[in-house]
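> With chain A fixed as given, assemble chain B onto it according to the hints.
First to last, the protein sequences are chains A and B. Residue numbers in the first sequence follow this note's numbering, run continuously in steps of one, and reach 97 at the last position. Residue numbers in the second sequence follow this note's numbering, run continuously in steps of one, and reach 136 at the last position.
Rather than coming from a laboratory, the hints here were simulated on the basis of the structure. Built from N, CA and C at the ideal position, the CB exists for glycine as well. Do not rely on the hints blindly, as some may be mistaken.
Simulated restraints, written as ranges between beta carbons of each label pair [to be verified]:
| hint | chain 1 | residue 1 | chain 2 | residue 2 | range |
| --- | --- | --- | --- | --- | --- |
| 1 | A | Ser1 | B | Ser94 | 33 to 43 Å |
| 2 | B | Asp124 | A | Gly70 | 13 to 23 Å |
| 3 | B | Pro61 | A | Ile72 | 15 to 25 Å |
| 4 | B | Arg84 | A | Gln(-8) | 29 to 39 Å |
| 5 | B | Asp124 | A | Ser15 | 23 to 33 Å |
Cross-link-like lysine-lysine pairs, in silico, DSS-like; alpha carbons within 30 Å at most [to be verified]:
| hint | chain 1 | residue 1 | chain 2 | residue 2 |
| --- | --- | --- | --- | --- |
| 6 | A | Lys34 | A | Lys93 |
| 7 | A | Lys28 | B | Lys39 |
| 8 | B | Lys39 | A | Lys34 |
Each chain, letter by letter, is given below.
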Amino acid sequence: DIQMTQSPSSLSVSVGDRVTITCQASQDSNNYVNWYQQKLGAAPKLLIYDGSNLAAGVPSRFSGSQSGTEFTFTITSLQPGDIGTFYCQLYGDLPRYGFGQGTKLEMK
Amino acid sequence: EVRLVESGGGLIQPGGSLKLSCEASGLTVSGNYMTWVRQPPGMGLQWVSTITSGGDAYYSDSVRGRFTISRDISKNTVYLHMNSLRAEDTALYYCARDRQWELDYWGQGALVTVSS
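Next up, chain A with everything else stripped away, as it sits in the complex:
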């Protein structure tokens, strides 16, 4: 099974900050990573699919990229409504989906 290691596990942030979250795959994969945001008490929401494509209605301050087995998610200028927990997710054969451990953003 491909394992996804996500870091950091938490981040203390301020409005306007540039935020970067990374996921490292345990082995090379031809598949892309997706990124989800989960706000407190809500279901996860798809933000980025296929590594760098914005889901419908997602602001352009969110972006994703890949370099080898490392996948990066970036918020260029954090807004108050961006607070929550972010997960990377890799599609595979079995298990069908592997999720990172999550990164919790908290306001300073």
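What follows is chain B alone, placed relative to chain A:
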């Protein structure tokens, strides 16, 4: 508008059985892959099971042999039949539309608590 509504959660004793339902509107379960993902309290997301548009079923190692995914096309509903439940199955169970590589629509979740 796509809407997924889970139901059937509750408190169940270890070894018991429970059936979760996911009623879909705005899409057809027959024309889509549908997936169950769970989230234990205070923890991250875990893939549980997927049913393809062709009716093939896939399971995580932790539930294979105990859980069964199925669908009723006439009711536009997907089910998760859970048997031999364990304490570690305690979680919020989400139903999601599966675009085969990502999950783009999610329900609000159904809470399953396995405890004596």
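> Which numbered hints does this structure break?
Hint check: 1 and 4 fail, others pass.
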